[in-house]
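Colleague: As given, the protein sequences belong to chains A and B, one line each in that order.
The opening residue of the first sequence carries number 14 in this note's numbering; numbering runs sequentially from there.
The opening residue of the second sequence carries number 21 in this note's numbering; numbering runs sequentially from there.
Some clues are possibly wrong.
Heads up, simulated DMTMM-like pairs for lysine to aspartate or glutamate below, C-alpha to C-alpha not over 20 Å straight-line [claimed, not checked]: (1) A:K329 to B:D317; (2) B:K33 to B:E192; (3) A:K100 to B:E186; (4) A:K100 to B:E382; (5) B:K353 to B:E382; (6) B:K96 to B:D113; (7) A:K50 to B:E73; (8) B:K253 to B:E192; (9) A:K249 to A:D198; (10) B:K96 to A:D198; (11) A:K100 to B:D61; (12) B:K271 to B:E294; (13) B:K296 to B:E267; (14) B:K353 to B:E450; (15) A:K334 to B:E73; (16) A:K249 to B:E192; (17) A:K88 to B:E164; (18) A:K334 to B:E192.
Since the hints were derived computationally from the structure, they do not count as laboratory data.
Only a predicted model underlies this, so the values are computations on that prediction, with no experimental measurement involved.
So you can see what is in the structure, the chains are spelled out below.
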Amino acid sequence: MERLFSEIYNRYFGIVNLLLTKKGNISRKMLQDTVQKHGFGESLLFLLPKLSANEWELFEEQDGAYRSKIRGGVKQPLSRLQKRWLKAVLADPRAGLFLEEDHRQALDEMLNDVTPLFHYEDFYRFDRFSDGDDYADAGYRAHFRKILQAIHNEQQVRIRYEARTGRTTNLLVKPLQLEYSAKNDCFRLLGCSETKTRLRRHTLRLSRMRNVTIANEETQAERKEPPVKAEMPPQKVTLLIRDSRNAMERTMLQFADYRKNTCRIGDDLYRCEIFYDKDDETELLIEILSFGPVLEVVDEPENERFLGLIRERLQKQRLLKN
Amino acid sequence: MSDFQELIKNIDKCRDYVRDFFVYGFKSRSDFPGKSARTYDDERRRIISWLPEYVREDYNEGGKSKNISLQIDQKKLDTNPLFRVWQTKSFTDRDLSLHFFLLKLLEDGQAAYSASELTDLLMDEYGYEADLQIVRRKCNEYAEEGLLTVKKEGKSVLYSRGIRYEELPATEELSDLIRCFQMDMPLGVVGDTILSARFEKNEIFRVKHGFPTFTLEDEILLAMLDAIQESKKAEVRVQNNRHMEAEGQRKRGYPMQIFVSQRSGRRFVCLYMESKRSAHFECVRLDQIKEVMILPDTDSNSAEHRQQLEAARESVWGVSFAPLIPGKGSMQKLILTIHADERTEPYIVKRLQREGEGGSVERIAPDTFRFEKTVKDAMEMFPWIRSFTGRIAEMEIYDTDGEQLLGRNARLERIFFSDLEKMYQKYGIEI
């Protein structure tokens with residue numbers, strides 16, 4: 014069986030290789046800067062002394078400077094584990110979004126000395142939504158590739174988009190990122206467009222795009238941070254967690270997607286602040302409701318709006334079935 | 021002087037600490053009773069060193085104890101920071117030197133040398149003195165890892181390098197695929213090793229609803245996937261993460277499939293377990309498996325067991341399986357009546373269809389829909405049903421043998437509605 018925890022994937026090896034590729038003299042300062050930039054927090058204490066003392070005999074030393082004995086460093090061959098993983102992911106339905114079929118086949122043939130690390134059917138995602146995107150659809154693939162190309166080239170795209178209501182609109186968008194939702198099994202485009210007065214952000218599902226073309230206009234906006242960061246401050250809701258029915262662990266895992274602060278305030282009682290984007294509010298709301306009474310939104314002024322949403326649902330429920 | 025090291029030999033202990041700091045981001049030294057203060061301090065220091073930008077240190081309970089937590093905002097990540105745990109394997113000085121010298125000597129894909137020739141070349145080219153046995157051992161180790169290939173020529177064993185990433189076709193497109201898949205696909209850390217070796221970054225893809233902690237179980241997953249492919253039996257030691265001091269339980273079975281919950285952030289291995297009297301499927305959480313041993317037994321009926329699993333899954337909502345031969349009242353039928361405005365809230369019906377795991381959805385009156393599903397354990401459905409709070413007109417649970425209804429299960433219904441009652445009280449909801 015292949016090893017995942019192996020020194021060939023060690024970060025120190027990567028840093029040493031980076032230094033070995035450097036042409037000319039390498040000063041002590043360069044050693045230090047490279048370790049600091051690419052190493053762990055304390056690598057200066059552990060890796061730098063070894064490099065400075067040339068303990069691995071990989072450099073020639075002269076007048077306090079170093080020269081790589083291994084010009085150009087090394088290009089590490091693929092391990093069996095890496096090849097098996099590649100072989101496995103090439104069979105994923107989404108692989109066709111990135112690779113033409115003849116490339117996919119050529120890759121598969123070059124990896125014919127290994128078995129895939131896993132098969133798609135080895136995994137059963139029992140609570141994934143059943144209406145995921147159709148990755149085999151030729152139009153979908155073409156839209157995906159155009160958007161990817163536009164992101165690489167920092168171009169804008171014109172999108173004919175059909176909203177959930179059925180209404181279609183034409184948008185000129187600068188695509189910034191592609192977001193994959195593991196629960197919905199779909200891709201969304203995160204992008205922005207400019208009006209005279211402000212930057213408008215867009216989150217657009219690829220499956221709702223009816224047409225995508227690369228726009229010829231020069232992009233006005235410089236590449237910006239993802240719009241989720243740029244435009245909207247995160248919202249916050251504070252929860253009380255009573256650790257019965259393993260609620261603490263379940264909460265921490267289920268809300269792993271969100272940034273959060275947790276502290277213990279009593280025996281089996283915890284306070285947890287969750288930070289979220291406004292767009293995700295309904296999703297978070299129903300997730301909190303799904304825990305039942307072991308989770309409680311704290312009754313304090315900051316939570317007033319969120320509490321209002323919870324109370325509205327409970328009130329409706331009580332009227333519907335008492 | 022401290023013997024603290026940034027790198028580690030064994031990942032098991034550290035994996036549990038990372039998980040605890042991430043999942044329970046409020047634990048301080050006193051929460052690790054079975055560990056020495058030195059062990060706790062060293063593990064904490066290591067985690068701070070590996071993940072400095074994600075670590076938050078503060079004092080809890082009135083400043084009495086210091087704790088650390090990992091603050092990770094999954095949706096904004098370009099890679100999973102917990103992959104770094106896999107980049108920390110310690111090595112000897114010789115491991116590192118030989119790695120670079122040998123791979124450089126074999127740089128030309130056509131070159132093939134014996135261990136003895138390589139030993140001489142190490143001295144001639146780099147002035148590096150190494151013992152023949154050590155060079156041979158390293159070459160064999162790398163052949164085992166797949167970095168080198170081996171061929172026999174007469175009595176000689178010749179080593180040459182394996183294929184490089186750069187030699188594959190369409191690497192530009194392939195790199196985008198890896199950037200996207202490394203955060204979402206099983207064992208995505210392997211994709212990360214490919215990108216990291218080239219210092220390639222991901223600026224394009226983000227993943228929503230991902231779970232960074234999955235990677236901490238990846239070595240267990242790897243063993244399970246091998247057992248699945250070879251239809252081998254496995255023995256696992258299962259230990260509850262909340263009671264780490266206990267030895268745990270040992271279970272034996274044939275790994276059949278990995279069950280993944282995209283909502284709860286848990287992965288399970290489904291084992292086919294057989295005894296003299298019966299056989300059944302059982303799901304075991306991957307993060308609670310602390311040891312795996314692959315046994316020599318091979319499942320001679322694996323195809324049949326796969327079919328049985330596929331059929332059995334029909335009546336499983338999450339991970340609770342019914343016995344393979346259903347007994348009286350061994351199943352439960354859940355009937356949920358939901359109120360939704362057909363005109364303005366069509367998405368509610370869509371939710372029932374796409375999230376209902378194959379349950380039937382029927383319009384029974386204007387703005388009223390009935391969802392039905394027969395499962396082994398209806399209680400597993402409660403979190404999902406609660407997500408419809410505000411729309412639940414009725415919820416009934418019947419015991420069944422899979423064919424006939426045997427009567428209402430008042431106990432389960434009471435649990436559900438009494439929880440709802442508790443919520444009304446908590447939030448001061450009155451009629």
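Colleague: Now, for every hint given, state plainly whether the structure supports it.
Modeller: Here is how each hint holds up against the structure:
no., hint, in the structure
1, A:K329 to B:D317, "violated, 57 Å"
2, B:K33 to B:E192, "violated, 38 Å"
3, A:K100 to B:E186, "holds, 16 Å"
4, A:K100 to B:E382, "violated, 43 Å"
5, B:K353 to B:E382, "holds, 15 Å"
6, B:K96 to B:D113, "violated, 38 Å"
7, A:K50 to B:E73, "holds, 13 Å"
8, B:K253 to B:E192, "violated, 40 Å"
9, A:K249 to A:D198, "violated, 27 Å"
10, B:K96 to A:D198, "holds, 18 Å"
11, A:K100 to B:D61, "violated, 41 Å"
12, B:K271 to B:E294, "holds, 11 Å"
13, B:K296 to B:E267, "violated, 26 Å"
14, B:K353 to B:E450, "violated, 31 Å"
15, A:K334 to B:E73, "violated, 49 Å"
16, A:K249 to B:E192, "violated, 40 Å"
17, A:K88 to B:E164, "holds, 18 Å"
18, A:K334 to B:E192, "violated, 58 Å"
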